[in-house]
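Could you put together the complete structure from these sequences and hints?
Take a look at the letters that make up each chain.
There are 2 protein chains.
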Amino acid sequence: MVHEQINTIVQQSEAGYQYLQQLSLAERAALMHAIADAVEALDETLIQTAHEESALPLARLQGEKGRTVGQWRSYANAIRTGIYAEARIDKAGEGKADIRKYNKGIGPVAVFGASNFPFAFSTAGGDTASAIGAGCSVVFKEHPAHPRTSQLMAQAIAKGLASYGAPESVFTYVQGSSHAIGEALVLHPAIKAVAFTGSFQGGKALFDLGAKRAEPIPVFSEMGSVNPVFAFPEYLAANPQTLAAQYIGSLTLGVGQFCTNPGVFLAVSGEAFQAFKLAVSAEINNISEAKMLHEGIQKAYDHGKHKLTGQPEVSLLATGQVGTATLAQAAVFVTTGKAFLTNEHLSEEVFGPTGLLVECADAAEMYHILDRLSGQLTITFAATDTDVAEHKNFFMRAQEKCGRLLFNGMPTGVEVVYGMHHGGPFPATTDARFTSVGPDAVKRFLRPVSFQNWPNTFLPAELQEENPLQIARIVDGQYRID
Amino acid sequence: MVHEQINTIVQQSEAGYQYLQQLSLAERAALMHAIADAVEALDETLIQTAHEESALPLARLQGEKGRTVGQWRSYANAIRTGIYAEARIDKAGEGKADIRKYNKGIGPVAVFGASNFPFAFSTAGGDTASAIGAGCSVVFKEHPAHPRTSQLMAQAIAKGLASYGAPESVFTYVQGSSHAIGEALVLHPAIKAVAFTGSFQGGKALFDLGAKRAEPIPVFSEMGSVNPVFAFPEYLAANPQTLAAQYIGSLTLGVGQFCTNPGVFLAVSGEAFQAFKLAVSAEINNISEAKMLHEGIQKAYDHGKHKLTGQPEVSLLATGQVGTATLAQAAVFVTTGKAFLTNEHLSEEVFGPTGLLVECADAAEMYHILDRLSGQLTITFAATDTDVAEHKNFFMRAQEKCGRLLFNGMPTGVEVVYGMHHGGPFPATTDARFTSVGPDAVKRFLRPVSFQNWPNTFLPAELQEENPLQIARIVDGQYRID
Numbered sequence: 001m002v003h004e005q006i007n008t009i010v011q012q013s014e015a016g017y018q019y020l021q022q023l024s025l026a027e028r029a030a031l032m033h034a035i036a037d038a039v040e041a042l043d044e045t046l047i048q049t050a051h052e053e054s055a056l057p058l059a060r061l062q063g064e065k066g067r068t069v070g071q072w073r074s075y076a077n078a079i080r081t082g083i084y085a086e087a088r089i090d091k092a093g094e095g096k097a098d099i100r101k102y103n104k105g106i107g108p109v110a111v112f113g114a115s116n117f118p119f120a121f122s123t124a125g126g127d128t129a130s131a132i133g134a135g136c137s138v139v140f141k142e143h144p145a146h147p148r149t150s151q152l153m154a155q156a157i158a159k160g161l162a163s164y165g166a167p168e169s170v171f172t173y174v175q176g177s178s179h180a181i182g183e184a185l186v187l188h189p190a191i192k193a194v195a196f197t198g199s200f201q202g203g204k205a206l207f208d209l210g211a212k213r214a215e216p217i218p219v220f221s222e223m224g225s226v227n228p229v230f231a232f233p234e235y236l237a238a239n240p241q242t243l244a245a246q247y248i249g250s251l252t253l254g255v256g257q258f259c260t261n262p263g264v265f266l267a268v269s270g271e272a273f274q275a276f277k278l279a280v281s282a283e284i285n286n287i288s289e290a291k292m293l294h295e296g297i298q299k300a301y302d303h304g305k306h307k308l309t310g311q312p313e314v315s316l317l318a319t320g321q322v323g324t325a326t327l328a329q330a331a332v333f334v335t336t337g338k339a340f341l342t343n344e345h346l347s348e349e350v351f352g353p354t355g356l357l358v359e360c361a362d363a364a365e366m367y368h369i370l371d372r373l374s375g376q377l378t379i380t381f382a383a384t385d386t387d388v389a390e391h392k393n394f395f396m397r398a399q400e401k402c403g404r405l406l407f408n409g410m411p412t413g414v415e416v417v418y419g420m421h422h423g424g425p426f427p428a429t430t431d432a433r434f435t436s437v438g439p440d441a442v443k444r445f446l447r448p449v450s451f452q453n454w455p456n457t458f459l460p461a462e463l464q465e466e467n468p469l470q471i472a473r474i475v476d477g478q479y480r481i482d
Numbered sequence: 001m002v003h004e005q006i007n008t009i010v011q012q013s014e015a016g017y018q019y020l021q022q023l024s025l026a027e028r029a030a031l032m033h034a035i036a037d038a039v040e041a042l043d044e045t046l047i048q049t050a051h052e053e054s055a056l057p058l059a060r061l062q063g064e065k066g067r068t069v070g071q072w073r074s075y076a077n078a079i080r081t082g083i084y085a086e087a088r089i090d091k092a093g094e095g096k097a098d099i100r101k102y103n104k105g106i107g108p109v110a111v112f113g114a115s116n117f118p119f120a121f122s123t124a125g126g127d128t129a130s131a132i133g134a135g136c137s138v139v140f141k142e143h144p145a146h147p148r149t150s151q152l153m154a155q156a157i158a159k160g161l162a163s164y165g166a167p168e169s170v171f172t173y174v175q176g177s178s179h180a181i182g183e184a185l186v187l188h189p190a191i192k193a194v195a196f197t198g199s200f201q202g203g204k205a206l207f208d209l210g211a212k213r214a215e216p217i218p219v220f221s222e223m224g225s226v227n228p229v230f231a232f233p234e235y236l237a238a239n240p241q242t243l244a245a246q247y248i249g250s251l252t253l254g255v256g257q258f259c260t261n262p263g264v265f266l267a268v269s270g271e272a273f274q275a276f277k278l279a280v281s282a283e284i285n286n287i288s289e290a291k292m293l294h295e296g297i298q299k300a301y302d303h304g305k306h307k308l309t310g311q312p313e314v315s316l317l318a319t320g321q322v323g324t325a326t327l328a329q330a331a332v333f334v335t336t337g338k339a340f341l342t343n344e345h346l347s348e349e350v351f352g353p354t355g356l357l358v359e360c361a362d363a364a365e366m367y368h369i370l371d372r373l374s375g376q377l378t379i380t381f382a383a384t385d386t387d388v389a390e391h392k393n394f395f396m397r398a399q400e401k402c403g404r405l406l407f408n409g410m411p412t413g414v415e416v417v418y419g420m421h422h423g424g425p426f427p428a429t430t431d432a433r434f435t436s437v438g439p440d441a442v443k444r445f446l447r448p449v450s451f452q453n454w455p456n457t458f459l460p461a462e463l464q465e466e467n468p469l470q471i472a473r474i475v476d477g478q479y480r481i482d
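Protein sequence lines correspond, in order, to chains A and B.
Under UniProt numbering, the residue at position 283 of the first sequence is numbered 283, and the numbers go up by one with no gaps.
Under UniProt numbering, the residue at position 86 of the second sequence is numbered 86, and the numbers go up by one with no gaps.
There are no misleading hints in this set.
Under 10 Å between C-beta atoms, here's a sample of chain B residues computed to sit facing chain A:
1. G107
2. K212
3. D385
4. G403
5. H421
6. A432
7. R447
No farther apart than 20 Å at their CA atoms in a straight line, the calculated lysine to any residue pairs in the SDA-like style are these:
8. B:K212 / A:F200
9. B:K91 / A:V416
10. B:K392 / A:E14
11. B:K96 / A:S74
12. A:K443 / B:G477
13. A:K91 / B:R67
14. B:K91 / A:N408
15. B:K392 / A:S24
16. A:K277 / A:T319
17. A:K392 / B:E14
18. B:K392 / A:N453
19. B:K96 / A:G413
20. A:K96 / B:R67
21. A:K212 / B:G202
I should point out that these hints are in silico values taken from the structure, not numbers from a laboratory.
Where a beta carbon is used, it is the ideal one built from N, C-alpha and C, also for glycine.
Here it is, written out as structure tokens:
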């Protein structure tokens, strides 16, 4: 029954894909703006519903709604520039054919909603926007933690499609919480790519399904990480208080429910680290207990905290205000560099407001930890220019381990700009080469096609001789903006 | 023992990767030009050796050598432009961080040599050149069909590296023909991507290995296809002779040992098709028996031909001059559209100079065949403008099935230009999103890294404020070539 249902939906989605394939870049952008308008027009019912389903504060949800609308608009504008067409033209010459290449949509895409951003990484979130931006229809699988929010968003998308005059099949919706549904969707032969944000377990399972299909497909799973913060001597000595306030602020923001939550803090042991620990204790004591996204998440959080508590050479430094079975309590633990190197449980993500401070014996141990680190979304440095100059090799090697390097800031807060890379080496994601935030997220759903000696009038507009779309192209090896 | 050997080699390659990471774009380009010079300087011994090992004609090998040198140079020049850095800069603003992104090398790459292009798709071929262009060291696994050729090429690469002053570890070499060696290489945790050109069986096995690793890695296998040629009524009626000559020329070029060999020819049954068949028979009768790359390939070819002969509704139309156990005989078979649709063996690639003509009952059947087609490197149209106008939907849908669409030409001949896409949907390759020919081949081995609020002096040159490399960048959402 699941298969029949999925089959019907994916067939609709194929029709939606065919429709999108016939739109010009400007038309696709206009369609996306129509969806943005419809999402923007949703009233307080959306915010209230999401608040009830996710326990996220109203102000945060209001902000996330704005971000979601902004994503549609910024991706639409990026699409209209033609940058993602990556048009390349090599004109015919002596013994040479005329060869022209552009990027087109890869086919219908399955998108799985995340629970921690019920707007921006769910139904009308960045994955849906970037897939449609690429000219791909979307089959969306709702997240069971916020079905009502999801349906309101799906209605807005349908409204946007209708107001533009596009068929509903551009965006189809799958309800239900069973794994069988998601599995059938990923395995359907007409689905050509998958986007997911969530747990390692879930993301890796989808990746494995995608790879084992008769026709393997790309599965973009963003699975989070511990986002280490490395503090260097000069900086730490000068700013223990400020750094502690920043760290605890970032660690507990949104009840610690960000993929980029800085779960691990590392520095060389010593006086400065002692001062930092004192400041961290003071800061965390003020953090109120808070409701997490759903029961399952709090259970996993309490389990993760409990597991940390039981590890040798790990001690509890301080906690936030007292928690309950339904309200999460923040906590910070301390361990040694040696223990962190030998006990792999210590580098597992605890999704929620819990941090682990790692006291390294010396700089060499910190280098060693960096080299042993698995892939991360972000790595943050608390450092002065002198620190950087003294540890240049450390900074260089850190690039191998993450998607984004931050200097004296905190990793929560992922701006929706061209320069953003929200991704990173496995196990942070299943494909280090693509971002899920920023207009470049569109690239995940494109593939190139070349045309050889093709009649000009039948070429896609992106490749026609007269450059009717006025887009940047590489013509005979030279960048040209006509 | 295999594992120890591979481990030592991959550790060397890691050092080579670290070295490359420290080179500027211009330095990397200069290193590639040094390798190009060293390959170019190889004397007739190379051509003679390759001729002995591959049976390919001397003139063809001379041409392939030039192509190989040209690849290094064109990729080097592309690298120097900074196009593959894809630099994006979003400057700090009110409440906004400074975020800058560029592409860097993914890590050490394993490259497997192909037998059918002992220069251009082997040791110093496009995969090696594009990986080094991306800043990735290469561990090269020789193809057992041309070990002496391969070693001469490896020596040239070593010479090029030495003349530039780069360490040998940038390119390391693995001998031997056992599958265990290749397997150990792909499974080594320090290897971050794999490139392969060859059979479906081999390419898919490597892909599966890459996906099942603890850390999955991208495996780019180019596995060939039947490269269908669709002939349309007006064109076929007007040009049966010319088309037959072109088709047989392309089918038998280089003893049919090209990935883009047009194995299947389709048109609607009728008078024009009859005239075409007569012309094909006359053409193929003139084709001499010829030596294939190695014994294994001829065996597989004879087996494939034999298998076709035994299929119901398939008949032999004509053959080339008589073959032997060591010389391949060209052949053309005929079948119906109906048989082609129902018997999957008929769309299997026969690597060598054998073609299958498919007589479709009507245009609808040809459409149906297109929709059922698996992924191809190329699809070719023999058509007039009127034909295209009448079958617009056919041409549009053909994009879903291949990487390159040709109009009134033949697919053999893959030019090394920006506009080339040598790739295509599975099973033509394991990743439709990347090409293995043309400067864009470099993209396979890159991944992005973002820098947030980073001190200008410590940024990679690609991202520094003053744009010291003078490369095109997207700054605050606008394309800029400073």
